[in-house]
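The listed protein sequences derive, respectively, from chains A and B. Our numbering numbers the first residue of the first sequence as 4 and each following residue consecutively. Our numbering numbers the first residue of the second sequence as 531 and each following residue consecutively.
In case anyone wonders, no lab produced these hints; they're calculated from the structure. All C-beta atoms, glycine included, are put in the ideal place defined by N, C-alpha and C.
Residues from chain B that face chain A, not an exhaustive set, calculated with beta carbons under 7 Å:
id	residue
1	SER534
2	VAL537
3	ALA570
4	VAL578
5	LEU586
6	PHE620
7	LEU621
8	PHE622
9	GLU689
10	THR711
11	PHE714
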Amino acid sequence: MHLPEIDKFAHLKSPLHSWDARVKIVSISTLILSIVLLEDIRVAFLGLVLAIILVFLSKIPFSFVLVHLRWVLFFVLALFVVISLTVPGNLLIKLSFFSISREGVRLSLLISLRAISAALLVFPMLGTTRFYLTLKALQKIKIPAPLIQLLMFTYRYIFLFLDEEKRVFIGANSRGWVRKTNLSSLKTIGSLVGMLLVHSFERTERIRDAMVSRGYNGRVKTLDEFTLSAKDFIKASLIIAIALLLNLFRWIR
Amino acid sequence: MHISDGVLSAPVWIGGYAAAATIIAATIKKIKVDNMPKVAVMTSAFFVASLIRVPLGPTSVHLVLSGLVGIILGPAAFISIFVGLVLQAFLFQHGGITTIGINAIMMGTPAFLAYEIFNLRKNFSFGANEFIFGALAGACGVFLATLILALALITTGSEFMGVAKYAALAHLPVMIIEAITTGFIASFLMKVKPEILKGK
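Throw the hints in and build the complete structure from the sequences for me.
Below is the structure:
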């Protein structure tokens, strides 16, 4: 299983890595919004091409991106099957007991293009900055402090929790326990998860106490400072202009 | 259960964000440096829950734990689930970015009700109160979420009627597994560390 390390390639150098995190988050979020609002399949396809270009420019390896995209691909595939079979319209293919309509295929294709492009754009946006810097940028954009704190703590505990979860279940398996569909198996899972929670509560309370005693008061403090240059604004205006243009197509036609 | 980007119509997901922002604004005071570890542990548990698989005949389903988050965090549950979804969307590409709001409404609001249901146990004495009310709370988490999911899909367009029906059916076994597991987790916590389940 892979760990959710979105910033694994944040050490590389690319036009997206050097972009100021605050401006980057705002600009690429605008682009994501604009792509999700697209109604025309051809324009949505253009959106996907743009997303791929941005991932390419960010130098994040496509193999890494693809592993992360498997949930989206799985979702899109399931949707394709259900929508093509249930949306009525002009028949495209008719087999003995089911039929695939042109409208169904069009709708599922549009949704797939929008979903995949949005997911791809997360990599140039967050994969090119260290996670703690992203949090600091969010703090500068005035996202409420409790939310940022919670994001920070949770992000750290996820790795801890994944490790512990693996350890607890390996422990049970090595004692001969097998997952089955019955009440006693569910009881064991319930107790293991409960144990995991109790361990984690105690551990994180100690971490909290250690942090508070070192002066933690709920704000992200790093020595990195953000500086804005003309380049940051040029990149931002380019991305936002593209975002607007994609949606303008529909009004011109 | 998550809705991905690009499925819902704009009014539905924008409405989802507006509603989620309102609930967050109303409950954000519940998160302090003091209870941060508890909330963060439950948030990461919620995040990791989708990786804990329970076999079901030839396939397997995964835990959701939104009911359990409600039981343990009470009024802070919504923010916890919201943050869990934000991380799932951005770190795992699981769910969508524009749909975080509506997904939070879908999984987070049932957590409030789960909390209330679990608190009702004090009025009864079945001998296995924690298991019974934990199971009800867990079932409520999945059941209401499925209901909201179906509603969101149907309000987006009639062509999603089929998807909504299949999604609702697929969540029936998830609900049963979730209920029993949440019941066992609650009764385990009651035995080992009852102060976690203090409630009101």
